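A.B. asks: Line by line, the protein sequences give chains Y and L.
Everything in the first sequence is counted per my numbering, starting at 1023 for the first residue and increasing by one.
Everything in the second sequence is counted per my numbering, starting at 1023 for the first residue and increasing by one.
Please keep in mind that the hints were generated in silico from the structure rather than gathered at the bench.
Among these hints, one or two may not hold up.
One-sided excerpt, in silico: chain L residues whose CB lies under 7 Å from chain Y [to be verified]: (1) Ser-1186; (2) Ser-1187; (3) Asp-1189; (4) Lys-1194.
Derived list of chain L stretches under chain Y, where covered just means 3 residues or more per stretch with a C-beta under 8 Å from a C-beta of chain Y [stated by the list, open to error]: (5) 1229 to 1237; (6) 1242 to 1248; (7) 1275 to 1281; (8) 1314 to 1321; (9) 1329 to 1341.
If you want the ones that stay clear, here's a sample from chain Y, every Cβ over 10 Å from chain L, calculated [stated by the list, open to error]: (10) Ile-1104; (11) Val-1322; (12) His-1372.
Fair warning: this is a prediction, and the values are worked out from it, not measured in the lab.
Glycine included, each C-beta is placed from N, C-alpha and C at the ideal position.
There are 2 protein chains.
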Amino acid sequence: MNTSYPNLQNDRLIRALRRQDVDCTPVWIMRQAGRYLPEYRATRARAGDFLTLCKTPELACEVTLQPLERFDLDAAILFSDILTIPDAMGLGLSLNEGEGPRFARPVRTAADVESLIRPDPESNLRYVMDAVRLIRRELNGRVPLIGFSGSPWTLATYMVEGQSSRDFSIVKSMIYQEPLVARQLLGILSESIALYLRAQAHAGAQVLMVFDTWGGALGHAEYRHFSLDPMAQIVEALRADPVAGTLPIIVFTKGGGQWLSRISQIGSDALGCDWTTSLRKARRLVQDRVALQGNLDPAVLNATPEKIRSAVGDVLEDYGPGPGHIFNLGHGITPGIDPDHVKVLVDSVHELSRTAS
Amino acid sequence: MNTSYPNLQNDRLIRALRRQDVDCTPVWIMRQAGRYLPEYRATRARAGDFLTLCKTPELACEVTLQPLERFDLDAAILFSDILTIPDAMGLGLSLNEGEGPRFARPVRTAADVESLIRPDPESNLRYVMDAVRLIRRELNGRVPLIGFSGSPWTLATYMVEGQSSRDFSIVKSMIYQEPLVARQLLGILSESIALYLRAQAHAGAQVLMVFDTWGGALGHAEYRHFSLDPMAQIVEALRADPVAGTLPIIVFTKGGGQWLSRISQIGSDALGCDWTTSLRKARRLVQDRVALQGNLDPAVLNATPEKIRSAVGDVLEDYGPGPGHIFNLGHGITPGIDPDHVKVLVDSVHELSRTAS
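Excised from the complex, chain Y in its bound form:
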């Protein structure tokens, strides 16, 4: 299926994810298509609301490509929301500015879990697959396209809590009190996410990423059972697919620095790291089994160009020589950032890593 698209002109990301030599360190930015860009805000205003933006392939494609016009990025990432799957399950998602996501029908009981459907990506989530196809066509081989999903645990937190949470007390009550119900829910999510990412691969995604935004809120033992194992099932399912199985897979648990060694053993090609982890130490922990993606503190983008450049240099130096580094922030870019500062970041990564090698 991928053969119908033009050849990739910039394969730095793919090579780095496979720990192969590159001419300079590839860079992309989590939430690179986002509110810090005036052109994004314009498209968003035209769409009316965030969900319409996600669900209209032409608009999702438009915002996906916007940062590539400004910056010399080495990847595009599908513009979408992490809650597309629970939305397709019919839980009644609404996203209100400043309030965060809400589900009208949260999942609380064994019966709620039993009744969940596994969405068919090419019907319930067709708009995502259409966006992937359109973006691949429009990208025309410039850079690879990253497809993604939220992790099972991360989706479960929103589905069970019904909204964003600080302590996750409801979903944690489920794992402590009804571990079998929680496991069933996470199993359904693992299957649904594997189907979803497989479909993105078939539609044209060239890298797959799992965002485990809230895994770091779990205890060390609970992380293994309720976040890592379900992600391992996804990786295993993807590896068994003739198309998805050949793509590089990135797993990112925010706040998971203590668990990198464990995470590196579930079969992904790369791990995301946030800024609390030294990449040098992370390399030791994962014994160069996987590539590492990260990990500049997004707050550095508030500083001057000189400081941004020197902070980029620090991250490159922290990773050290050898292949397998994909430069990124340690978390998504925040809305107030000056786009010119992003340009400094991207150019500095290429310039400083080229000099260094």
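Could you slot chain L onto chain Y? The hints should help.
C.D. replies: Just chain L now, with coordinates in the frame of chain Y:
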């Protein structure tokens, strides 16, 4: 000065902090005097507002002792706020229900930092010292009294941001862009906190604890410079005092699991651990140089008594044999918890650790 108080009848906490043998594992709970207790809510209602509760020694004493009436706790902790020092610096603190703290005059510039006063504990913060003296008298030797302060970095986040924050973008801009100004601010805070904790020791506190609630938001290198080093200065200053220097000191960086080895080298007697860190692994990291305090996920207290008891057993087993464990939650207890569940926790710690030894 301490000689004027009666002898300590329960020294489990002190012994465990010094890594000496105990008959069973001591336990106390962060925020044990708090909103989950109806008697606390009653006193709080009488006080009118939170700051009045903190600033009235009789009321602060009353709520400090309340949890000891219900539970077989091995320590009392001074009831106070972590923002007493910036309040005494005249930054205009207000605490509104549901909103979190706010400072009318945040600290943003070099001139703001220059003009900061170092509060004199026995004048500007006399109400805290009076509370310590009163609590010690009322405790009558039942259990030791823990005095505490927020860490320099944690206080700085509120002082610079002017309120609670999610990304700490203003205070991080200061450390990235104006590191010398940030260091000066943190230096003033280290000195002020050392004076404050020393005064608490002289007033009768028997253990001193530094809460670094937001250290975990820093990058690995920034943590060292802007949170750990300033805490090391506090420990050093306290060690030089004939009274404070003899007391056990606990340092707790929430989210600092990756840095435990470093933190264990600044001279404190014990480190707090949150639930993301395995105590077994933490012991390896700190090589039994220090005692460890923690680390049950507060969300476990929403579960049934049976589950709470088994989760307590898991934490005890995770720590393993030998001295140097102080049982606690990995973060403060949340407002909605059933006090009967806290009783189960406290009793389970004593029973299960006694059986095990």
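A.B. asks: Determine for every hint whether it applies to the structure shown.
C.D. replies: Against the structure, the hints:
no.	hint	verdict
1	Ser-1186	violated (11 Å)
2	Ser-1187	violated (10 Å)
3	Asp-1189	holds (6 Å)
4	Lys-1194	holds (4 Å)
5	1229 to 1237	violated (count 0)
6	1242 to 1248	holds (count 4)
7	1275 to 1281	holds (count 3)
8	1314 to 1321	holds (count 3)
9	1329 to 1341	holds (count 3)
10	Ile-1104	holds (18 Å)
11	Val-1322	violated (6 Å)
12	His-1372	holds (22 Å)
In this structure, the hints that do not hold are numbers 1, 2, 5 and 11, in rising order.
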